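Q: Generate the whole structure from the sequences, applying the supplied hints.
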Amino acid sequence: MLPISSRSSSRLVVAALSALVGATALSGCTNRLPALPEDPRRELTGVPFFPQTIHQCGPAALATVLGATGVTTTPEQLSPLVYIPGRRGSLQVEMLAAARSKGRLAFVLEPRFADLQAELAAGNPLLVLQDLGALGIRRWHFAVVVGFDPDQDVLILRSGTERRRLERREQFLHTWKAGEYWAAVLTRPDQPPATATGSSFIRALTATERYLATESISGGNAVALARWPADPLVLLANGNQAYAAGQLATAISRYRSLLAIEPTHLAGRNNLANALLDAGCPRQALAQAEQSASLLPADSPLAAAVNDTLAKARAADANASPSTCSAE
Amino acid sequence: MRFRQTVVAITAACFLALGLQTTTASAGVIGTQDYLSAEARAGHLADINAAISRADVLAQLVSLGVDPANAVTRAAALSDAELAQVAQEMNNLPAGGDGFLAVIGIVFLVLMILELTGVTDIFKKF
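In order, the protein sequence lines correspond to chains V and B. Just so you know, the first sequence maps onto residues 1 to 328 in the numbering used here. Just so you know, the second sequence maps onto residues 1001 to 1126 in the numbering used here.
Calculated from the structure, these hints are not laboratory results. Relax, there's no trap hidden among the hints.
Short, incomplete list of chain B residues facing chain V, as computed with Cβ under 10 Å: (1) Ala1027; (2) Gly1028; (3) Val1029; (4) Gly1031; (5) Gln1033; (6) Tyr1035; (7) Val1066; (8) Asp1067; (9) Asn1070; (10) Glu1082; (11) Gln1085; (12) Val1086; (13) Gly1096.
Where chain B lies over chain V, by a calculated footprint (3+ residues, C-beta under 8 Å): (14) 49-60; (15) 85-91; (16) 97-103; (17) 206-213; (18) 234-245; (19) 291-302.
Only a predicted model underlies this, so the values are computations on that prediction, with no experimental measurement involved. The beta carbon of each residue, even a glycine, is placed where N, CA and C say it ideally should be.
A: Rendered as structure tokens:
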């Protein structure tokens, strides 16, 4: 047995521990990565960078993705909206809510790497949640994916204090998995993400409505109608917008397109009845109102509106003068 | 602390009142927002639940150190579905914050244990 002094054995233990901890903390840097010069063909070079201060990766990552959509803000300004001192971090839903309050639509992607690639290709950086922990200890971290190089199989991120962090795809997927591959994209109200559907877009637009100017909402509806002309929710939203603006002919046309696709659409038929009433067509309105009332399920939260429409249509039909109806 | 709890209670009461008021349907037409929330819930019970969740989230944020005025804005910015999730899981949901201090803490803890068990003597000088 070799004589080992207690001092040197304790040094050995400390050295081994330091190595272990170092490897844990910098687990991303253990693989040798290729030198990857910045290249606009595979990464969004214009995405800003805000180095995080301690625990503030949430506000920093949020300022980064918001900045990419043209919102001028800083992590310091966002911190009161998302940081929770008692959790030493930020929650995903609050990150999305804060983005909405800045007038940006927030979309959570399907948990697929292909969707992440599709958004990058469309010019949208992605807010991602990673678990950088090890040894069974969670260490949640928000970062922003700005690029992917398929040849090297390497992702490029704005992360923590690194403006251009490179991570092998395999390593990224490992850290991304614990948070169920959560990724979010933020866009202007008239720029639907590549992976959006008509329904997801209108939902995002509606959730952000109270922070948006009327022109921004109508801009978003118009873009949605052009991209998803046969989506029931897109048609309902556009019909409602036209109705609110007093454009009855357009509203009637949108509601009719919707009902041609989905004849049992309760809200669509109810709103068509209202538009027909306003257009001076009580007979047609009553027919629609009776249909929507017959579609009404028990305990529907829409019952008040539907019954109200039916009552109005009955009264108007009873007092109908010679028809001025021009909607056919 | 008592002051904070009072503030929370009062704001929570205001939210309850607000939450119940916003459900009145406007004459006949069903707005896109109303349509979507009707799809997600059934009836007034859900409205009351949402108001309670909002007050609950508000109180939890304040107890976790968020400034009460900011907590009001933040609770108001969440959708019904988000509120329900956060109200139940505030302490379990992932909170992205890098956790670097946690790593340092673990190092310290391990060194401490080694010191106490006599394997090392690095803290002797302090």
